[in-house]
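Trainee: These are the residues of each chain, in order.
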Amino acid sequence: MTTGNAGAAQAAVLDEGVASVAAPAARRRTGLHRRQWSALLYLAPAVLLYGLFVLLPALHTFWISLFSWDGVTLASWVGFDNYRRVFTEPLLRSSVLHALVLILFFAVLPILLGLVLTAILSRHRRRGMSAFRVIFFLPQIVPLVAVGITWRWMYADDGAVNQLLRAVGLGSLTQAWLGDFDLALVAVGLVGTWTLTGLTTMLFLAGAAKIDTALFESARIDGAGAVREFFSVTLPALRGEIGVALTVTTIAALASFDVVYVTTNGAPGNTTTVPGLLVYRLAFTDGKVGLASALAICLTVLILLVVLVINTLVGGQDRR
Amino acid sequence: MGRMQRPARVVAMAALAALVAACGGLTPGSGGSSSSATTASSTSSAGSSSATGSASGSDSASGSGSASSGSAGSSGSGSASSGAPAVPTAVPTDTIELKMAFTDSPDMTKALADAFHAKYPNITITTQYTQFNDYVKSLKLTMSSATPPDIVQYNAALKDLSAAGLIKDLTPYEQAYGWDTSFPKSALDMLRVDSTGKILGTGKLIAVPAGLSLVGLYYNKTLMKKAGITAPPATLADFEADLEKAKAAGLTGLSVGSLDTGGLHLWGSLLNVLWDPQAQRDWVNGKAGSTISTPQALQATQKVGEYASKGYFPSSANGTSENDSATAFAQGKSVFHINGNWAAAQLAKALGDQVGFSVMPPATAGGKAVGNGFSVSYAVSAKTQHPEAVAAFLNFLQSPEATKIEAEGGFLPPNAKAAPAATGVLGDLVTANQKVVGDDGLIPFQDFAAPAMLDALESGLQSVIGGKEQPQAFLDSLQSVWSEYHS
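For the record, the sequence lines run as chains A and B.
The first sequence begins at 1 in the working numbering and counts up one residue at a time.
The second sequence begins at 1 in the working numbering and counts up one residue at a time.
Bound-form chain A, shown alone (with noise of 0.2 Å):
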């Protein structure tokens, strides 16, 4: 995404720089072919690499999603067939659907939480800071097949999670979480709560650090309490910390798949499958990599597209 906003960015640039010089264009026709040529050049190397290692493989990708291949021998054209599958098989479909749901875990729960950590945090100047920051950044640090592993543990018939229940006397309430089909989902979710509620707690202290103090001397003296504080001065400060949040979280959603590789792989009975999960199954197990370039390509899209509807509610408040 960084590089595909990057090579935006690029694009852009290119588009300004051939508009400033397409004027005078009519009138010095050959110095000014000679700067178009220069400007080129100096972008040549950056969008020789962007289009051999981004842009290539991605219209390849597209390529092969319209062939039935199983990657070893002839592939057969099938056209657009392969997207008709992608909307109309009940599996695919259902793990759009789910994807979905995880952004309410990915995306919601963790920039809830954050606010709300930040909003304790953030009040006072307080001495270590940092040691919160690290504390809340953690979960982030440890890599995510290691956190899945350690969750599936802990959601096992006798796991830390059901340990506690029992401690607590709810005993009645103890089970394989992740082997539920009610619950499995919401499990698998939870994980990501945790490990991505570090990342928007740091988002949102570094944004509230840079709120001016008198902005809270101020509320306080026309006697705001906490909640009205944090309604009126530090969520209005944060609304570009929270647009990236949201932006980078919903894409951890819809784009999961370490996650629920490592605790479910789709368990139980398909009703933790993603999208991510899928593309790999379909390509290296199945030996259907038409198809899964097909539901890759059809992710990427929708990640696109949930990004630009991002980015608009967001940006849109911000030039205000």
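Any given hint could turn out to be false.
Across the chosen pairs, the derived CB separations fall in these ranges [what the hints assert, rightly or not]:
#: 1; chain 1: B; residue 1: GLY467; chain 2: A; residue 2: ALA167; range: 28 to 38 Å
#: 2; chain 1: A; residue 1: TRP153; chain 2: B; residue 2: GLU484; range: 32 to 42 Å
#: 3; chain 1: A; residue 1: LEU49; chain 2: B; residue 2: ASP134; range: 25 to 35 Å
#: 4; chain 1: A; residue 1: GLY315; chain 2: B; residue 2: GLU484; range: 42 to 52 Å
#: 5; chain 1: A; residue 1: GLY79; chain 2: B; residue 2: VAL87; range: 43 to 53 Å
#: 6; chain 1: A; residue 1: GLY315; chain 2: B; residue 2: GLY467; range: 45 to 55 Å
#: 7; chain 1: B; residue 1: GLN331; chain 2: A; residue 2: ARG239; range: 48 to 58 Å
#: 8; chain 1: A; residue 1: TRP153; chain 2: B; residue 2: GLN299; range: 29 to 39 Å
#: 9; chain 1: B; residue 1: GLN331; chain 2: A; residue 2: SER172; range: 18 to 28 Å
#: 10; chain 1: A; residue 1: LEU49; chain 2: B; residue 2: THR147; range: 22 to 32 Å
Just so you know, the hints here were simulated from the structure itself, not pulled from any lab data.
No residue lacks a Cβ here, since even glycine has one placed at the ideal position from N, Cα and C.
Fit chain B to the given chain A structure using the hints.
Mentor: Same frame as chain A, but now just chain B:
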């Protein structure tokens, strides 16, 4: 950091797919002339048959289908009989170095290579280990490269590679060496594949087994006594009565780990004893017209759901992996456990003389010994420069020296008669293996029926165990995966 990683993953995935595509796309055109020849012939036959099919009108689809499958079958048998010119069985005497790619049992593989070198000092085998997941993923690229390893451990992906002409047809060597008598028939048949690469159990031999695996019933003798069970169950009815006794005694009957492959072992074993072995093999092998929507398979599936609802195994099964369920059994948490020979070493270590192994109890007393199993087997690259030396190594796998190494590696040697004496649960395994081989009862794992079958089986069995799917709907879903692959 997470911010960069995840979006990058989508792109990376796409790029990976593209890279694989690029490499794979290059090979058939540039390197493997034989592979393009195979595909060309198959397309031409499909083309001609569709021409005749269109004449017959609305039936063209089914007509062309049967025509192409017929031609595929005949070309398969043709290649097998064209191997008639005898190949030499004399072991070469010049200095030869063979490369071998593998993923299972590094100790055993290394020992086999060393023992072969000790017997034929002029031939050296260099082994190259790759961790399983990476092995499966890289296999297609490795074998379609210009310099593939001579010997390669068999994996289901080799079926496609065989269809692309990259794997050597070993049928001539089978005839020359007489492997059909020195290796168990059921184990060799699992390694035959037709020219389309989709139908197993028939056509050319593409690999030779070094060690067999077998799924069966582990039992904890101490807990059996506690539950008032006097002997391991002789029939399926006995087994169910024992599970009931265990339940009455407040014990867990079975430990099942259906989060991944564990549910498959329970269901597969029930299927094995309830359904005709040949019908099961035909279905797994992809024989035209096979179906799993049978009363016997329905009965096996119903039993899985019934065991779950009666509490014969814990309700947490869907949240437990196969490994964790084996660990639970090793900790004495259940009376029975259905698993493969690969778990024996761990269980023997934990439970010692308390643990025993038998084949899954047959449906009727005195029934045949059957069980799911496969083998660690080795195939040969079509590009190898030393086919005679490689064949000598494959033949070596059933020698007494190799048999000893295979048994020590935790596998059941293909040459069961030469297996060294073993005690405890390992001895039980050897006995069970000899029974199954004697009754020709080894049945390939059901997930080999199609690449997408494992996921369908795992998620389907979770649904059956959770009471979310009717057994018949489960079988129908399996059959639709089968039909899609074999269409």
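Trainee: Each of the hints needs a verdict: does it hold here or not?
Mentor: Here's how the hints hold up against the structure:
1. GLY467/B <-> ALA167/A: 28 to 38 Å: For ALA167/A against GLY467/B, whose Cβ atoms are near 30 Å apart, the range 28 to 38 Å holds.
2. TRP153/A <-> GLU484/B: 32 to 42 Å: 36 Å, holds
3. LEU49/A <-> ASP134/B: 25 to 35 Å: 27 Å, holds
4. GLY315/A <-> GLU484/B: 42 to 52 Å: Holds, at about 45 Å.
5. GLY79/A <-> VAL87/B: 43 to 53 Å: 46 Å, holds
6. GLY315/A <-> GLY467/B: 45 to 55 Å: With a Cβ separation near 49 Å, GLY315/A and GLY467/B satisfy 45 to 55 Å, so the hint holds.
7. GLN331/B <-> ARG239/A: 48 to 58 Å: Given range 48 to 58 Å: holds, Cβ gap about 54 Å.
8. TRP153/A <-> GLN299/B: 29 to 39 Å: With Cβ atoms ~36 Å apart, the hint holds.
9. GLN331/B <-> SER172/A: 18 to 28 Å: Hint holds: Cβ distance 24 Å, inside 18 to 28 Å.
10. LEU49/A <-> THR147/B: 22 to 32 Å: About 30 Å separates the Cβ atoms of LEU49/A and THR147/B, which means 22 to 32 Å holds.
When each numbered hint is compared with the structure, no violation occurs for any of them.
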